[in-house]
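Participant: First to last, the protein sequences are chains E and Z. Taking this note's numbering, the leading residue of the first sequence gets 1, the next gets one more, and so forth. Taking this note's numbering, the leading residue of the second sequence gets 1001, the next gets one more, and so forth.
Calculated directly from the structure, the hints in this document are not laboratory data. Being a predicted model, the structure only gives us computed values, none of them experimental. Quick reminder that beta carbons are idealized off the backbone N, C-alpha and C, glycines included. There could be a bad hint or two in this list.
Said to hold, decoys possible - Over 10 Å on every C-beta distance to chain E, these chain Z residues come out as not near it, computed from the model:
#1 Glu1020
#2 Asn1037
#3 Gly1041
#4 Asp1053
#5 Arg1101
#6 Arg1105
Unchecked claim - Taking beta-carbon pairs under 8 Å as the criterion, some of the chain Z residues facing chain E (in silico):
#7 Ala1035
#8 Gly1039
#9 Ser1097
#10 Met1099
Given next are the chains, with one letter for each unit.
2 protein chains.
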Amino acid sequence: MNTATGSGGEEAVLEELDREECLRLVAPGGVGRVAFNDGEGPAVIPVNYVMDDGAVLFRTAIAGRLNTVLRTALRGAQVRIAFEVDRIDEERHEGWSVMLRGGARQLSDEECATVARVRPWPGGERGAHIRMVPTEISGRRIHH
Amino acid sequence: MNTATGSGGEEAVLEELDREECLRLVAPGGVGRVAFNDGEGPAVIPVNYVMDDGAVLFRTAIAGRLNTVLRTALRGAQVRIAFEVDRIDEERHEGWSVMLRGGARQLSDEECATVARVRPWPGGERGAHIRMVPTEISGRRIHH
């Protein structure tokens, strides 16, 4: 995550990750960052997510302009988004990053009842469930 | 970062941050996530950054398709991007997130010599320096 020579003096290696390794890394869920266009350009917000049958499932908060824009965009339409998950050790200059891209849509109330429950952000109890089926998965790891 | 009721049982509060607080939080630099459109939709990659005279300054790696796309898009043109920085404690369900948006462009070699040096990702020694002047700054904090 740093210069080619890390803090320990060893050379840092940038390794491209294959699809299986990417899926293994994102499988536990947690916090990810969703990128989407809000009409004025790219925007990014962190959300809690789970993996559900190969799809990324997250819930927007009800509050905040960006959440409203994202929710509105996905109501009844499929919109292309990117979802990024990483673990980065800023001290050791090591870590990995995975990006999943694909069409996302808002789940109906009926569908929500059948999927894994996602912890919402505060104020997210009434937020929308969003499901993104990745059609493109890429990732890389940096280590010494 | 979780349900409205945190692990300790206290209610979680979502607080919108003002511009000054956002700038204070991102001032130390470190790792952020840059979102941009690569022609197929939004994309996100983590980068090291510094704040330089109110602007976000980061360096792309030379390797990787996304870095190439980003670098090409910004060569000689100003492109709107989003830059997100956060610190999230997944255990305590607390944290903050700041997003800066604005036009970004690639710096010339002459300009690079005058700005603060940014630690690149591995393979980034020959990567491009990107500078984004934020025209929109927003953030929020979640605490108990």
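Participant: Could you run down the list of hints and mark each one as holding or not?
Facilitator: How the hints compare with the structure:
1. Glu1020: 19 Å, holds
2. Asn1037: 6 Å, violated
3. Gly1041: 4 Å, violated
4. Asp1053: 22 Å, holds
5. Arg1101: 6 Å, violated
6. Arg1105: 14 Å, holds
7. Ala1035: 4 Å, holds
8. Gly1039: 11 Å, violated
9. Ser1097: With Cβ-Cβ at 5 Å, under 8 Å, it holds.
10. Met1099: Interface hint status for Met1099(Z): holds (6 Å vs cutoff 8 Å).
Of the numbered hints given earlier, the model fails hints 2, 3, 5 and 8; all others are met.
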